[in-house]
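**Q** Chains as they are written, first to last, in our numbering: chain A, 1 to 353; chain B, 1 to 322; chain C, 1 to 253.
No wet-lab data here; the hints were simulated from the structure. Where is the CB? At the ideal position from N, CA and C, for every residue including glycine. Incorrect hints may have been included.
[To be verified] Here's a subset of chain B near chain A, in silico, CB distances under 7 Å, partners left out:
#1 ASP127
#2 ALA284
#3 VAL295
#4 ILE299
[To be verified] Reference excerpt, derived from the structure (chain C facing chain B, CB under 10 Å, subset only):
#5 ARG7
#6 THR50
#7 LYS54
#8 ILE75
#9 PHE90
#10 ARG91
#11 ASN98
#12 HIS104
#13 HIS117
#14 ALA165
#15 THR168
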Amino acid sequence: METFLQQVINGISQGSAYALIALGYTMVYGVLRLINFAHGDVYMFGAFMGYYLANIPWIESRLGTSAASAVFVMLGAMILSAGLGILIEQFAYRPGRSATRFTLAFWFGVLGAGGGQLVGQTFASVVLGAVVGIAVGAVLEWLGIRPVRQESRLALLIIAIGVSLFLENGGQQAFGADPKFFPQIIPTTSLNIGPLNLDSQRVIVLLVSLALMVVLTVIVQYTKTGKAMRAVSFNLDAAKLMGINTDRIIAFTFALGSALAAAGGILVSLLYPRIDPLMGVMPGLKAFVAAVLGGIGSIPGAMIGGLIIGMAEVMAVGYGQSTYRDAIAFVILVLILLLRPAGIMGKGMIEKV
Amino acid sequence: MKKWVFWLVALAALAAMESSLRGLIGAYNYQIVILVGINIILAVSLNLINGYTGQFSIGHAGFYAVGAYTSASLVFYGGPAIRGATAFLPQIAQNAVLLLAGIFAAAIAAGIAGWAVGIPSLRLRGDYLAIVTLGFGEIIRVLILNIDAIGGSRGFSGIPQLSNFFWVYLVVLITVVTVHNLVNSSYGRAFISIRDDEIAAEAMGVDTTRYKVMSFVISSMFAGIAGSLFGHYTMYLHPNSFLFTTSFYLIIMIVIGGLGSIEGAILGAVLVTVLLEVFREFGAFRLVNFSILLVLIMIYRPQGLLGAWTLFRPRKAAPAAK
Amino acid sequence: MGILDVRNCTKRFGGLIAVKALDMCLNQGDLYGLIGPNGAGKTTVFNLITGVYKTDEGSIELDGRTIHRSKPSSIASLGISRTFQNIRLFRSMTVLENVKVARHMRKKQGIVDAIVHTRHLKSEEDEIERDAMQLLKIFNLDARADELAFNLPYGSQRRLEIARALATAPKVLLLDEPAAGMNPQESLELMRLIRSIRDEFHITILLVEHNMKVVMGVCEKIQVIDYGETIALGTPREIQGNPKVIEAYLGGA
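The following block holds chain A by itself, in its conformation from the complex (with noise of 0.2 Å):
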């Protein structure tokens, strides 16, 4: 009974962090209606940015192993990650949708910078890369080369198969392909509460998701924000008519996505504290399906996904073959579409003939 209360807790830990992962999903999916690959890289970059902030000497000399200090690489990483969420989509999505400019530059300066790095090893070598990458991308913009408007919601989920394996390698080039250590942040004790004993890390990630759970739906329910991100994922176009920049609220959602996702990488990562830039790919994909499970584009939905998915998982570990650990989450999945198409909180549509 204690190990299976055990369990529990330990299942809704992992849910927890599967659910701030989904989440961005579920809302990218609500105004976009993209599967965001990419998006468990993000995590992935959450993850490494916390590794970094926490490594800075300043840092660890001042505030060591401290509340502090962790708040100070969460939040870090949380803003870092919304700010790769908007590049992501003001260069990688945005294109096909509205009119922008300097994609060729944003993306060819990224190549000269790799290509900087691979040549000459030192930061000037990168930023002299980038510096040609980002001229030539103007040069041919300035030539007339603009993105085609997107038909087919098709061509943005390649864009996003891109955007993910990009962000994969380039974390390779970037963070090294070896795996990295996240530092302890926060301090470890045990607490007893009756029989069972709890490691604090499990308790404070469980009480962050949370606390960040009910800070979103504060924002999504009750700022003006939240009330136009809403009627965004209602009807795009609909909101574009009735004055409010869809352009700037898509971002806002990616932003906000993408902190959470980060805040999710750096959660898991005190409890599991190896790193390496592939760590998002099956966190990423599971996420997405518990925000599929919770039925898609529903923020609740998302956080019960994630903890049934966190949950199921744990208690196979716990009870069963660790082995097929990766795949309880996609037969999940496929009972519930076949079951239950729209998912648990999800609406149904029907198709106007």
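We have chain A; now place chains B and C onto it with these hints.
**A** Here is chains B and C on its own, set in the frame of chain A:
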């Protein structure tokens, strides 16, 4: 030209090339040529579902894996018996019989897997279908990971090498001709009608479920055959060769070339395979380049490099807007 | 008993009753009009008959066979074909191919024939093509057979939809607002066309239309529905004088 003349000339040409190619271009390039061929089979067959029938599957690697492992285990465990039964034949013919048995088993097994996955999931549309096919692909991989008789997580080694340029490109030809003939028959028009407008297709008497499952099964069978050829070339299989990233790369091939065009799928398979090989020395950076290239193609030329252009007759435009 | 029998059919969408205990009976060779104000449930009736929606209550029979539980493609093969209010042609296909797709149902090709491209397939293909071209000629579309259907002018697209529907060799043809977006001249031609289709193909036609001139000019029997219920049934002359109909259209009280 009579059909049998075409095939006879093709067989002779392939046999001649097989005997001289490796010496001509070296073992390393020969291997790339083989990989290109296998990817052409995979891409052209995947195009049947994603390009012509308009269903978005990202689980092709799963069927590829089923074929590879089925064929490898048949030959590995049943090989001695088959060789014994065909002992009166020369070695080369025995090998051919073995490989054909493996290919046949692979096609059947992958076809059954395609059917089993297709029936329930094709009720779903668009993104949901995509994610379920991805899920099935992953389930298949995890199952393989847990079967010890075929190596599990250690990988399956000791598979006899049976396939070569001749066999791979013979299958490439068969795949291309089959898919080309199919899409230019009533079946192909039924597939395309589903892609264009599923409701109108139903109203015109096209049993959309049946045709969707059919395209799924045919496509899976070819993926299975490709798997068989792959395993019997590399002599070693590991579940990691069949991750969903493999499916992603296949999608990229058909999209870069232009969905719903056989030439596009071939071009995409060649380009992607060769580019990834050529830039291998750049490590992760080659994939960075590659993914940026993919994003830029999709932003600036979403219809693919070839788009609606086709070399052979009837042109099929890119899929309709959804 | 008629060729198409709708009995006591009800269809709900959530709380909304789109069609309420509707009866409709078409006899062989009828040119039957179904009219009603916007949102009266006309298109829903079409979707029930063709199996796109399933009835909540009641039954639909074609030539004595129950069809309301079948899927759309089986209903099509039993002999009901339709056009769509918002044109639904196969946009990446040519005009000819659009008609060919519909023709397949009556001429099954074997999968082996299709893959190997046998002589047998070739002759069947030729036959399908001949039939399709014949239909296109009737609709004056044969000159543009190899153009993309998508590139045809609007009026031609509507005619192509009818040609495509006829290619399935239906017993009953359902036309969903065929005159929508047509000018008076085109509508006049359409009326002639509808009558000649009925006579030449010996089929029954059910027409939903907003254009009163077309309905009154071409239909022999008209059923008026409002809020999913029948409010009148009769000849065009009877309908025109029916106060209930006038009230429904002009929005009484």
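**Q** Evaluate each hint against the coordinates.
**A** Cross-check of the supplied hints:
no. : hint   : verdict
1   : ASP127 : holds (5 Å)
2   : ALA284 : holds (4 Å)
3   : VAL295 : holds (4 Å)
4   : ILE299 : holds (5 Å)
5   : ARG7   : violated (22 Å)
6   : THR50  : holds (6 Å)
7   : LYS54  : violated (13 Å)
8   : ILE75  : holds (9 Å)
9   : PHE90  : holds (4 Å)
10  : ARG91  : holds (5 Å)
11  : ASN98  : holds (8 Å)
12  : HIS104 : holds (4 Å)
13  : HIS117 : holds (5 Å)
14  : ALA165 : holds (8 Å)
15  : THR168 : holds (5 Å)
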